[in-house]
Amino acid sequence: MAKSKKEIISIQSVSKIYNLGETVVKALDNVSLSIYDNDYISIMGPSGSGKSTLMNIIGCLDVPTKGKYKFKDELISEMDDNQLANIRNEKIGFVFQTFNLLPKLNAMQNVEVPLIYSSLGRKERIERAEEALHIVGLQDRMTHKPNELSGGQRQRVAIARALVNKPSIILADEPTGNLDSKSGNEILKFFAKLHKDGNTIIMVTHEESVAKLSKRRIDIFDGKIARDE
Amino acid sequence: MNRIINYLVDAIGGVLFYFGQTKLRTALTLMGITVGVSSIIAIMTVLETFEQSTESLVADMKTNIFYITKDNPVQVQFGNDAGWGKRKIPRITWDEYEQLKRNLTLVTNMAATTTEEPSDRTISVGKEELKSRLASFWGSDGDVLSVSKYDILDGRNIQDVDIENASRVAIVGYYIKEQLFPYSNPVGQNIEIDNIPFEIIALTEPKGELLGQNMDSMIGIPISTYLKYYGGKGWRGRPDLQLILEAESMDTLEDATDEAIGVFRAIRKISPGDPNNFYIATNDQLMDTFGSFTSSIKIFVGLVAGISLIVAGIGIANIMLVSLTERIKEIGIRKALGARRVDIFLQFLIEAILISILGGIVGIILGLSFGNVVATFLEQDPVIPYEWVFYSLQICASMGIIFGLYPAIKASKLNPIDSMRYD
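Here the protein sequences come in this chain order: X and D. With positions in the first sequence counted from 1, the corresponding number in my numbering is that position plus 34. With positions in the second sequence counted from 1, the corresponding number in my numbering is that position plus 185.
Treat the hints with care, as some may be off.
Unchecked claim - Lysine to any residue pairs mimicking SDA-like chemistry, simulated, CA-CA at most 25 Å apart:
(1) X:K138 with D:L509
(2) D:K312 with D:N370
(3) X:K200 with X:Q131
(4) D:K598 with X:N116
(5) D:K595 with X:D115
(6) D:K598 with X:S153
(7) X:K246 with X:N72
(8) X:K227 with X:Q173
(9) X:K138 with D:K514
(10) X:K138 with D:L543
(11) D:K514 with X:E208
(12) D:K514 with X:L183
(13) D:K595 with D:V496
(14) D:K514 with X:L136
(15) X:K223 with X:S243
(16) D:K208 with X:P137
(17) D:K514 with X:K227
(18) X:K102 with D:D603
(19) X:K125 with X:S49
(20) D:K514 with X:G186
(21) D:K334 with D:M435
(22) D:K208 with X:L139
(23) X:K227 with X:T132
(24) X:K138 with D:I594
(25) X:K179 with D:I197
(26) D:K334 with D:D566
(27) X:K200 with X:Y74
(28) D:K334 with D:V220
Calculated directly from the structure, the hints in this document are not laboratory data.
With the hints as constraints, model all of the structure from the sequences given.
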């Protein structure tokens, strides 16, 4: 880990506690973590370990119960819903296991969705979406709806959508989980390329083979970081 | 600004997509609005055509004129209670007319007319008979033509000498010429009314139809002639006169009507405190009566349409809630990608407004078509009640806002993590 790199994310003593009536669940317990520019991290852990909670907090979908979360110089842990939405929109690109494309929209329109919420004009939206679809090699499939695309192609549309706002980090939650091994490998190769091009990638996975491709591996167990190397 | 345009484009796309997906459901929801709006527009269209034709009629009439009649000149009553009253109310007689004429000081002009509308008299020229019923047959000693706004196409008006002599002269409408004198000028020729020959002294210009009545199927004669030949004898045959009185100006109209009421009550020896057994009305009152009639219809239609729109609104709220449940995942995804609460709120609200306005537009088109078909059937000119078209769109937009509000708020508050997991 090169310490000279610029720190993007700083998580200090973060806990997330869920009150489920009688029982109290500590999903994250006093976790501290720094993520640097151009990191390629995989987060591993069994189900229920708290890795999804960590992902949600890093992705600004949720806020910690305790502790500080700084994204660049902004204090995420103190933000309200709308500020979080703006951070998600401008700084984070999401790639989900189940792709999460909107079925009614074609590839192009799906990629445009984040731009709808960033006050861009129509012309610029189209240019940016086309560019992103070029990057993932789907320039010939722009008008296809998700149900007209293969699993690998759908995930590439989702990656294009994640890239379209030029985010600071790309968060991928089991990006190959729903794909056959051939498509999965293609996606992973693509992530490697994105990393090489200077992007910061954080990926949740439970597959060793996938985790090996990343440059840094964090294991979560019982809401704590068990390994970070 | 860009953001607003983005929403609109996005919402229109969303609405169109959901119409495609749930055609029947959306159509049924829209039907409520469509029925409400189309009934408002249809009734307003029909009323507007009536108002237009009566307004043009009344605009022509002199406003310093008033009438004394046996029956209410504007029969606007529901039910059949008119029969009882009629039997008790005496007809206005020639004798009463002459007494009135002698005693009134504020009236500059006065005429008595008797009108059969329609008339069952046999109208013939030689062996040729008028096949349809004569729409209007009147006798008068005044200038009915100018009061009723007929223009003489050829010939002369009835003159005092005709009235004094009870001359058998007649003014005929254009329809009579078309039917009985298709190839010649009727002026100077003879016409028989119930086998009594008359000389035609004038032909009036065609007027067309008013409220379904053929204004050109008309014959007018001097009132003295009418009383002499058609007045009949005994109670049943005695004609009922309508008196047309003209005050000097609008300023003296009220005093003149007061005087006429007083004098006529004296002639009829009505005790103080008893109600009038005749009607007195000015043109303005006639219009007011018609106006209050149309406004009560408007209120009634407004109520019915209002109820149907509320029901329709609940339908919209319902469909938006269903659509919300079906799209929880979509909302979660949109939020994860950066949609703020207000973005989701506006998306849903705009969709609700678009649905209601679409229902409204269909309703307006149906209502205008239906109303104008009825208007054409009643032989009125087609109209578009722009005011009501505008109101309807406003009502629809407000309904979209009111009934879309709750689903939109609910959608905006969804949590992105839970929503994305929803299936």
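Verification of the hints:
1. X:K138 with D:L509: holds, 15 Å
2. D:K312 with D:N370: holds, 18 Å
3. X:K200 with X:Q131: Status holds; Cα separation ~21 Å.
4. D:K598 with X:N116: holds, 11 Å
5. D:K595 with X:D115: holds, 15 Å
6. D:K598 with X:S153: holds, 22 Å
7. X:K246 with X:N72: Satisfied, since the Cα-Cα distance of roughly 17 Å is no more than 25 Å.
8. X:K227 with X:Q173: holds, 18 Å
9. X:K138 with D:K514: holds, 13 Å
10. X:K138 with D:L543: holds, 21 Å
11. D:K514 with X:E208: Roughly 18 Å separates the two Cα atoms, so the pair holds.
12. D:K514 with X:L183: holds, 20 Å
13. D:K595 with D:V496: holds, 21 Å
14. D:K514 with X:L136: holds, 9 Å
15. X:K223 with X:S243: holds, 13 Å
16. D:K208 with X:P137: holds, 18 Å
17. D:K514 with X:K227: Roughly 31 Å between the alpha carbons, so the hint for K514 of chain D and K227 of chain X is violated.
18. X:K102 with D:D603: holds, 23 Å
19. X:K125 with X:S49: This hinted pair holds, its Cα atoms lying about 23 Å apart.
20. D:K514 with X:G186: Holds. K514 of chain D to G186 of chain X sits at ~21 Å (cutoff 25 Å).
21. D:K334 with D:M435: holds, 19 Å
22. D:K208 with X:L139: Holds, at about 18 Å.
23. X:K227 with X:T132: holds, 22 Å
24. X:K138 with D:I594: holds, 23 Å
25. X:K179 with D:I197: holds, 18 Å
26. D:K334 with D:D566: Roughly 20 Å between the alpha carbons, so the hint for K334 of chain D and D566 of chain D holds.
27. X:K200 with X:Y74: Cα-Cα ~17 Å, so holds.
28. D:K334 with D:V220: violated, 41 Å
Hints 17 and 28 from the list above are not met by this structure, while the remaining hints are.
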